[in-house]
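Trainee: If you want the building blocks of each chain, they are given just below.
There are 4 protein chains.
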Amino acid sequence: MAEKKKVGILGASGYTGAELVRLLLRHPKVEITLLTADRRAGLAMGDVFPQFAPYDLPRLTSIDGVDWATAELDLIFCALPHGTTQTVIKDVLEKAPHLKIVDLSADFRLASPEAYAKWYGHEHHALELQKEAVYGLVEVYRRDIKKARLIANPGCYTSCALLPLIPLIKEKAIETDEIVVDAKSGMTGAGRSAKEEMLFSEVSEGFHAYGVGHHRHMSELDQEFSKAAGKEVVVSFTPHLLPMNRGILSTIYVRGRRGKTAEDLHALLAEHYAKEPFVHVLPFGKTPQTRHVRGSNMTFIGVAADRIPGRAIVISTLDNLTKGASGQAVQNMNLVLGFAETLGIDQPPMFP
Amino acid sequence: MAEKKKVGILGASGYTGAELVRLLLRHPKVEITLLTADRRAGLAMGDVFPQFAPYDLPRLTSIDGVDWATAELDLIFCALPHGTTQTVIKDVLEKAPHLKIVDLSADFRLASPEAYAKWYGHEHHALELQKEAVYGLVEVYRRDIKKARLIANPGCYTSCALLPLIPLIKEKAIETDEIVVDAKSGMTGAGRSAKEEMLFSEVSEGFHAYGVGHHRHMSELDQEFSKAAGKEVVVSFTPHLLPMNRGILSTIYVRGRRGKTAEDLHALLAEHYAKEPFVHVLPFGKTPQTRHVRGSNMTFIGVAADRIPGRAIVISTLDNLTKGASGQAVQNMNLVLGFAETLGIDQPPMFP
Amino acid sequence: MAEKKKVGILGASGYTGAELVRLLLRHPKVEITLLTADRRAGLAMGDVFPQFAPYDLPRLTSIDGVDWATAELDLIFCALPHGTTQTVIKDVLEKAPHLKIVDLSADFRLASPEAYAKWYGHEHHALELQKEAVYGLVEVYRRDIKKARLIANPGCYTSCALLPLIPLIKEKAIETDEIVVDAKSGMTGAGRSAKEEMLFSEVSEGFHAYGVGHHRHMSELDQEFSKAAGKEVVVSFTPHLLPMNRGILSTIYVRGRRGKTAEDLHALLAEHYAKEPFVHVLPFGKTPQTRHVRGSNMTFIGVAADRIPGRAIVISTLDNLTKGASGQAVQNMNLVLGFAETLGIDQPPMFP
Amino acid sequence: MAEKKKVGILGASGYTGAELVRLLLRHPKVEITLLTADRRAGLAMGDVFPQFAPYDLPRLTSIDGVDWATAELDLIFCALPHGTTQTVIKDVLEKAPHLKIVDLSADFRLASPEAYAKWYGHEHHALELQKEAVYGLVEVYRRDIKKARLIANPGCYTSCALLPLIPLIKEKAIETDEIVVDAKSGMTGAGRSAKEEMLFSEVSEGFHAYGVGHHRHMSELDQEFSKAAGKEVVVSFTPHLLPMNRGILSTIYVRGRRGKTAEDLHALLAEHYAKEPFVHVLPFGKTPQTRHVRGSNMTFIGVAADRIPGRAIVISTLDNLTKGASGQAVQNMNLVLGFAETLGIDQPPMFP
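Residue numbers (numbering that gives the first Met the number 0), protein chains in the order written: chain A, 0 to 351; chain B, 0 to 351; chain C, 0 to 351; chain D, 0 to 351.
In case anyone wonders, no lab produced these hints; they're calculated from the structure.
Check the hints yourself; a few may be wrong.
Copies of the same chain look alike in the list, so a pair counts if it fits in one copy or across any two.
Straight-line C-alpha distance at most 20 Å; calculated EDC-like pairs for lysine to aspartate or glutamate [as the list claims (entries may be wrong)]: (1) K117 <-> E93; (2) K28 <-> D345; (3) K169 <-> E275; (4) K285 <-> E174; (5) K117 <-> E30; (6) K89 <-> E138.
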């Protein structure tokens, strides 16, 4: 048997880190040889995520303690907070320029320095790498990703909206000036930091919108929709928090262009995704549920006719930790390291 | 002390029945003297809802067993399934024509026989009463309700959309041809019948839309919006099910007319509802959460600017069992029986 | 109408503080004239608990800013963290010695200075007050409470175990050396501090025990059981956390003494509590559910026979925020201020 | 590559059926060639469990429609309701005597015809098979299972109690006359039938015991504990329902025999299970959480000292659908078909 590739995870004590470990532990062609978590350095992975106590995993270390030149890593996943990531990756690639990196933060998702500065309030600290980075939505950028060194793994809300809408926009099948994306996410999308508004008693048995009118995921949507349309596209987007752990569902209201009906939009999506392993288009009129993709790398898409003639309702769902983050990251890794695209991420969803 | 008015509840074994009992048990001016539940007739209320075991309540009886002429009731709440309600009420009012009725079903909500027949697939069985019934949304029809004999308590989804939109439509402040209402409801809105799709393991830890493009609540929306606008208004409306018990939240996407901004819409609503006891408009830019109205008769409304110029996002929330059903019904009773409007339904919300 | 009594709440930004506000807002004989929350001083109550935004309430202030001599308060509820409470109360009572205090912390629950020092690791800072304080479980100490100045409101786990067991122990109806109390609590019992282990994604969809073998509530159990038995009683007690907000349920395994059967134990409890407004004993063999006491001040108790001859299973439940904390505190206030015991806390439970 | 073994699932439309499909879809050495569901015959698996829509699976058929002689199956899993299973299996084995069967119902778990008749109220309909069946708890009966034709997969509550207690009882390390097992299960353990008491709104946000004093799982406990002890053992056992989907946790109160301390019991279990792939004993004093075994075939066991000298608290947890049902069933299949025991069931737990 060929030797396994060596991979590391920076920021292993968060939820996307744990999801990467879950997936990679049974990936047949890689082994985890590095796990970092600065504030938990020295602990075993089983101390911060008891589900991994029975498994043989490297102890958590701090990023500063890694000797990148001798670490013999083939690829690292970067699951660090937005903002700090760019300097870490810049530093790592200076010391280990041949390393492949899949970055799960938002730091390299925006291609335009101006857009980055506008949305994040400061200049990007690694402008050259920002230029180099490839946007890691495999179904759209598969070819570029295979050759990339630095991949910006897309956001969870963004992926859930891009997958159904990009083909419709590219084919000029829908009006681009009246798209409404009403998005709902499970709590794991908010991460693992201890904040009052994320306590169980604050968020269970209730529902609310947040960031209304100004959520940062909008910048990614703008970039990708505009690129697909060949002109500036700005959509209405409202995120909400669901009292559950995993899953994003986007209800998308669109109007067909030039007489395109809801059936036409459905046929277009069904054909476009017919051969994609991780996108499933439901029969016309049926709409998906978050629970039916839970724990898997699948995206389910449904299309139904609105009762207003000419309008359609497109609903898409994915697991924010898997296809919306770590599963997508492994999919990117598989491309970059030359493996079969589905390797290690083809588990069926877990319901109930 | 004046004698208490006597009230009955038909269909007391469902959730809206239980919510009526909860509210009426502490209402200072009424006493419950009749509870019916055909399939549970003979049982104590504490057998079907153990929380009421310590309270002194009449035993459940069947509707057929009631002698309406001698029952000495002042008012009944009708919490029976849609469809069967109309013949029951027709029969009751023939026997006891002076009785006041607050009906929580959909049977008398549509004023037009044609609309009823279209949405429900059959002729209405009590056309005269359909004509007589008053639509029981107090904030809109307070004056008519006071004089009514038969009140059609509005639907929960409908109330949540009408309260924020009716004033905006009446004032011609928004375009009426591009309103999108994305609505999310807790599970109690689906009632207490034993269906596989309502089992805990089917609906917890997940989220989905249903009835996409053809939900019956649309007929009520059409009727009330069109009446407010003085012309036909048809909106996009999509209901979703939340993995929680109580609460509806509607995210409503609108465009201001003739330069009206989101701030203008907010000011209009804030002024319109300034004196209403059960509608609270949040400061501009703040949006409400279902949990903060739980168990109360309050509706919370927030307005924020969309980033697309000229568009606004209006979010409203209420407890589907209280303001969306039984609390609204008691509010109607209070008007009809000449009590203070807030009597017995002024409990603050329960959070957490 | 007689003037209302003036009450204050120290520590109003936590869950027991919010529950006190919920109950007191509709209490007919008191008004809230003081709300403190040191870290949130200056905010409106509606800023920290949006459900109260529509209500007229004093702004949050810091404890240091209160002029106790001129505050004209009749009673304060103290909902501060354990440990800091004793010095605050000592200081307040020096400045306003005629004030009545209901303390919801654990600081004055243990009567013995030695027991306090053993369980909390330091000398009590207000030994005189510790001596003066009355343990505020109304069903056991009603007479003493009426005359008290300082009342130590019992813990939620403790109340749930004491109410079913104290009568059985006092009557020498059960063996005291093999009592097992397996207790399960909703998350609100853990308070509102931002800790990783209390995040939604950490505690939803899962269940676990904590503090196994050494939970501080045991000290209260020891004190009260031993007092009831007239000899030292030490029970097995294991607390668990439920993925829900409100409610404690204790499953208690006991053996009858001198031939006492489960039926005998049931009869004893049923008779003992026949006239108590807030304790309801279910028919023999039936056992209670947390949801059926939610939001109310009720305790439900059930007794069933174990299949092992001579053994019984006693199950009790209450809402940890109401009868387990703030409802019990208002019950104490009612006694101390000479009101009817059930005033303001007689709302029926809210289910679903 | 060797040809895959052909397996079938009788009763594929329930939760244990779905869990079997989830696990077997990625099992490298078997393929699913038969799925039955009498009331859903004719439907695709994706119609009853939409998560499987993207996968290539046989259409649901009725049991009567199967031609067992020509079906070319190597093994079937039987996930039918208790009671009907025994006649079905008897019939199948008459037609296809070389078939291996793993039965997930309770029908063949009790070895004694008398015990069966007592607990189930009727004579067993397949007494010969009852005699032949092997109890399928691999960690206890591995050797017998390898040679078996008919395996009675253990109950979920039972497995969770047997795994920690059997070694302690066999080694005579604990007193057998005062064992208390307080067990809590997620809702999926109750199956998928549409019953009012299993509706989301009935069971969310609440907790309760059921079957107090007379739950059928007790018969399995009695059989296995008595066998291990070499004398009759009857334990106190109380099951409860948790407002969550997956997971059982048992809190077990025991007393060490002949001076055995909690540490001794821990050491005994840790050594006993040191090499078992699916049982993990935590460090002494640490106790497990259901969420950390979710979706996996793992059992986590913790032991802590009670504060009462000589007593210990043992806590065990497993996923009721995996190690408590379908994962255990695949583990049995692996043994019977000669595969590596962990094949297809070695996925790490999924948390959050």
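Trainee: For every hint, state whether the structure bears it out.
Mentor: Hints versus structure:
1. In this homomeric assembly, K117 and E93 never come within 20 Å of each other (Cα to Cα): the closest approach is 27 Å inside a single copy and 57 Å across copies.
2. When the C-alpha separation of K28 and D345 is checked against a cutoff of 20 Å, the pair qualifies both within a copy, at 14 Å, and between copies, at 16 Å.
3. Proximity of K169 and E275 under a CA criterion of 20 Å is satisfied intra-copy only: 17 Å inside one chain copy versus 49 Å between copies.
4. In the homo-oligomer, the alpha carbons of K285 and E174 never lie at most 20 Å apart, since the shortest distance is 23 Å inside one protomer and 30 Å across protomers.
5. In this assembly of identical chains, K117 and E30 lie within 20 Å of each other by CA distance neither inside one copy nor across copies; the values are 39 Å within and 50 Å between.
6. For a Cα distance limit of 20 Å, the shortest separation of K89 from E138 qualifies neither inside one copy, at 27 Å, nor across copies, at 51 Å.
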